[in-house]
Amino acid sequence: MEIIMSVVIGFLFMAAVYLMLSKSLIRIIIGTGLLSHGAHLLILTMGGLGGTAPPVVADGVSISDYVDPLPQALILTAIVISFAVTSFFLVLAYRSYQELGTDNVNLMRGTEDND
Amino acid sequence: MRTNDVMLQTATKVVTFIILMFAVHIFFAGHYTPGGGFVGGLLTASAIVLLMLAYDIETVKKIIPFNYVMMTATGLLLALGTASASIFFNVPFFTHAYDYFDLPLWGKTSLHSAALFDLGVYLVVVGVTMTIIQTIGEDE
Amino acid sequence: MINLLLFPVLIPLLFAAILLFFPKNIRMQRTFAAIGAGLALVAVLFLIAKVKTDGIQAVTLGSWDAPFGITMVSDLFSALLVLSATIITLFIIFYSFPTIGAEREQSFYYPAVLFLLTGVNGAFTTGDIFNLFVFFEVLLMSSYMLIVHGGEKPQLRETIKYLLVNVISSALFVSAVAFLYSVTGTLNMADLAVKIPQIEATGILTVIAVMFLMVFGFKAAIFPLYFWLPGAYHAPPTPILALFGALLTKVGVYAIMRTYTLFFTMNTDFTHELLAIIAILTILAGCIGALAYFDVKKIIIYNIIIAVGVILFGVSQLNEAGVDGAIFYLIHDMLIKAALFFLVGIVAVIFGTSNLRQMGGLMKTHPFLGWVYLITAFGLAGIPPLSGFPGKLLIVQGGFEGPHFWGSIVVLATSLLVLLSAIRIFIYAFWGEPVETVPLKKSTYRQMLIPSVLLVAITVFIGVGAELFMPLINGAGEVLLNPSIYIDAVLKE
Numbered sequence: 001m002e003i004i005m006s007v008v009i010g011f012l013f014m015a016a017v018y019l020m021l022s023k024s025l026i027r028i029i030i031g032t033g034l035l036s037h038g039a040h041l042l043i044l045t046m047g048g049l050g051g052t053a054p055p056v057v058a059d060g061v062s063i064s065d066y067v068d069p070l071p072q073a074l075i076l077t078a079i080v081i082s083f084a085v086t087s088f089f090l091v092l093a094y095r096s097y098q099e100l101g102t103d104n105v106n107l108m109r110g111t112e113d114n115d
Numbered sequence: 116m117r118t119n120d121v122m123l124q125t126a127t128k129v130v131t132f133i134i135l136m137f138a139v140h141i142f143f144a145g146h147y148t149p150g151g152g153f154v155g156g157l158l159t160a161s162a163i164v165l166l167m168l169a170y171d172i173e174t175v176k177k178i179i180p181f182n183y184v185m186m187t188a189t190g191l192l193l194a195l196g197t198a199s200a201s202i203f204f205n206v207p208f209f210t211h212a213y214d215y216f217d218l219p220l221w222g223k224t225s226l227h228s229a230a231l232f233d234l235g236v237y238l239v240v241v242g243v244t245m246t247i248i249q250t251i252g253e254d255e
Numbered sequence: 256m257i258n259l260l261l262f263p264v265l266i267p268l269l270f271a272a273i274l275l276f277f278p279k280n281i282r283m284q285r286t287f288a289a290i291g292a293g294l295a296l297v298a299v300l301f302l303i304a305k306v307k308t309d310g311i312q313a314v315t316l317g318s319w320d321a322p323f324g325i326t327m328v329s330d331l332f333s334a335l336l337v338l339s340a341t342i343i344t345l346f347i348i349f350y351s352f353p354t355i356g357a358e359r360e361q362s363f364y365y366p367a368v369l370f371l372l373t374g375v376n377g378a379f380t381t382g383d384i385f386n387l388f389v390f391f392e393v394l395l396m397s398s399y400m401l402i403v404h405g406g407e408k409p410q411l412r413e414t415i416k417y418l419l420v421n422v423i424s425s426a427l428f429v430s431a432v433a434f435l436y437s438v439t440g441t442l443n444m445a446d447l448a449v450k451i452p453q454i455e456a457t458g459i460l461t462v463i464a465v466m467f468l469m470v471f472g473f474k475a476a477i478f479p480l481y482f483w484l485p486g487a488y489h490a491p492p493t494p495i496l497a498l499f500g501a502l503l504t505k506v507g508v509y510a511i512m513r514t515y516t517l518f519f520t521m522n523t524d525f526t527h528e529l530l531a532i533i534a535i536l537t538i539l540a541g542c543i544g545a546l547a548y549f550d551v552k553k554i555i556i557y558n559i560i561i562a563v564g565v566i567l568f569g570v571s572q573l574n575e576a577g578v579d580g581a582i583f584y585l586i587h588d589m590l591i592k593a594a595l596f597f598l599v600g601i602v603a604v605i606f607g608t609s610n611l612r613q614m615g616g617l618m619k620t621h622p623f624l625g626w627v628y629l630i631t632a633f634g635l636a637g638i639p640p641l642s643g644f645p646g647k648l649l650i651v652q653g654g655f656e657g658p659h660f661w662g663s664i665v666v667l668a669t670s671l672l673v674l675l676s677a678i679r680i681f682i683y684a685f686w687g688e689p690v691e692t693v694p695l696k697k698s699t700y701r702q703m704l705i706p707s708v709l710l711v712a713i714t715v716f717i718g719v720g721a722e723l724f725m726p727l728i729n730g731a732g733e734v735l736l737n738p739s740i741y742i743d744a745v746l747k748e
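If you're matching them up, the sequences are chains L, W and R in order.
Numbering-wise (this note's numbering), the first sequence opens with residue 1 and increments by one.
Numbering-wise (this note's numbering), the second sequence opens with residue 116 and increments by one.
Numbering-wise (this note's numbering), the third sequence opens with residue 256 and increments by one.
Note that these hints are calculated values from the structure, not bench results.
Among the hints, erroneous ones may be present.
Each computed DSS-like pair below joins lysine-lysine, with the alpha-carbon atoms no more than 30 Å apart [stated by the list, open to error]:
| id | chain 1 | residue 1 | chain 2 | residue 2 |
| --- | --- | --- | --- | --- |
| 1 | R | 747 | R | 305 |
| 2 | R | 619 | R | 697 |
| 3 | R | 553 | R | 450 |
| 4 | W | 177 | R | 279 |
| 5 | R | 416 | R | 553 |
| 6 | R | 450 | L | 23 |
| 7 | R | 279 | W | 176 |
| 8 | L | 23 | R | 279 |
| 9 | W | 176 | W | 128 |
| 10 | R | 408 | R | 696 |
| 11 | R | 408 | R | 619 |
| 12 | R | 279 | R | 696 |
| 13 | R | 619 | L | 23 |
| 14 | R | 619 | R | 696 |
| 15 | R | 307 | R | 416 |
Let the hints inform the model, and build the full structure from the sequences given.
Spelled out as structure tokens, the structure:
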């Protein structure tokens, strides 16, 4: 299972890098989204995918075989943060498209005669 | 341009309330089972966004006349205040308190200070999400 | 009061939340922002007194015992940095009154500054590596908002790059945390310090250590990851620039110092050697930039990069002199960078441009500003008895005692280049034929000058009275060099 997951994570990272290297701003944003998804899956996988019972002390849950709760808590936090950052990035992209009149990052170079 | 969106508008009238009720359910379910303020807040925001899609921003503003920045600030203060209450009892920050009460209608219920914190989270999430969407949506 | 160490984090957060309620009322915004930062400053002073007498303070959030819950730890090192950060923020709030403009003040400028202070203080205080990530994101979110605040074209353009770089470094941070968790099974820093020496497979840990160096290096702007910094910092107005220049990179430096002294010490032959080489390369790259530009802001911005290199070189030596020097230089650099940005901000306002070639003759019209700038420039270069000297002296001594004596020679030689780059501003802007200046109201000038002069006075006091502060610095360095003190304080029960 971990092997399959690592292939999936690698694929997400690959797609993210490909998208982030393109010139269109919206593709770059989708790329950052995929990148954080890959990182979140990585936490889940690295915590170990073993365990079948939920991580709560209740009837019918054996304490010998429960899911590691920490990666889940970490992922939730990381997802919330990447949600906030992605939405900020979208607003920023929209504003700069209005102000700068382009979504091509090649035309956004900051040189001294291109202000 | 005026499009024919009778179907969307009619469906929205029903679906919005279903989503809102589900949001409330999810919010309270967060006590012992999956759910909580963040998911509930996102669901509520999605209901409002659906209204905005079916009608337009001005109408929705009339229906729900909230200032979402204020909402965020209120939520932040509520969450911070709940967490800070532990300072006055000289226990570590974020320490929560809970007890079981016999309430009419509900019977034996556990009340938890974390629910107040979650309410703050709920308000922050709705406030922030709606602020972002309004920022993009307002200038057509 | 077991929660005392959280007050410098919570007070700015509380005041930022309150400030969100009345964005349009400038007077209330200013008052509450200043009160918030001021109260946080009082809290830090109490905290330092408490840490000095009672030792390291630790609190476990939500009463979940370490290492299971999140621990917040305040030792002398973090308390001193929290103090410097709070002082600087307070001065920046005062400096913002005349400079930032009513329009920005009415669109959540002060809340963003206070949120940034929350993130910075939290990052300095936390004792949990994932919580460090969360506080990094808090301060990054506010920094995104501040850097684009006002929405001018260069700001929008540079924010996109800044945001992209930081999103990538955040994803790397999460991945590095994931690897660390899978190898050690814990994320509490004290617990990591216990567990890491027990692991025999140091190869994978070295990889993780280098990953963390990259993550923090993006924030701290080390060679070759500093490429985003000059452009991004040049875009926003001076008070925001001063805030970023003084605080943001230093959080990355702090994170490197903490992790590379507390637990990534299993393979120092490789990791700390690498850190020393990178530090020296950072200094050299910064020097090239500082001498190449004719823009006052750019010159000081490249000096940030030089200082990062000097501090990290001190840390990489892992001996008492090097680490003490790094701590002293870190605090000195936070204060002096803020003061320098304040002063060049005034100069840029007077001339209406930040291009050195269009300046000149300021000594005739504003002699006091000239002398204050000269003192600050000498302090930056480390001329005794000013505040840059003791730190740099200790770092150089650490280099000679440690394995990298050649690094100390570079640090000494580049001090001259730093001096040259700062004096170049003095020569071009203050000497020569007077050029036409933008008329500036006397009261505005005074409002800008007073916070700057006070900040310079503080740096001079730190330099002249270095002997007074050395017990504090030594105490901070002792914890960094003996992780067992830190571990015992956190995992005491």
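Ascending list of hint numbers which this structure does not respect: Violated hints (numbers, rising): 3, 6, 8, 11, 13 and 15; every other hint is consistent with the structure.
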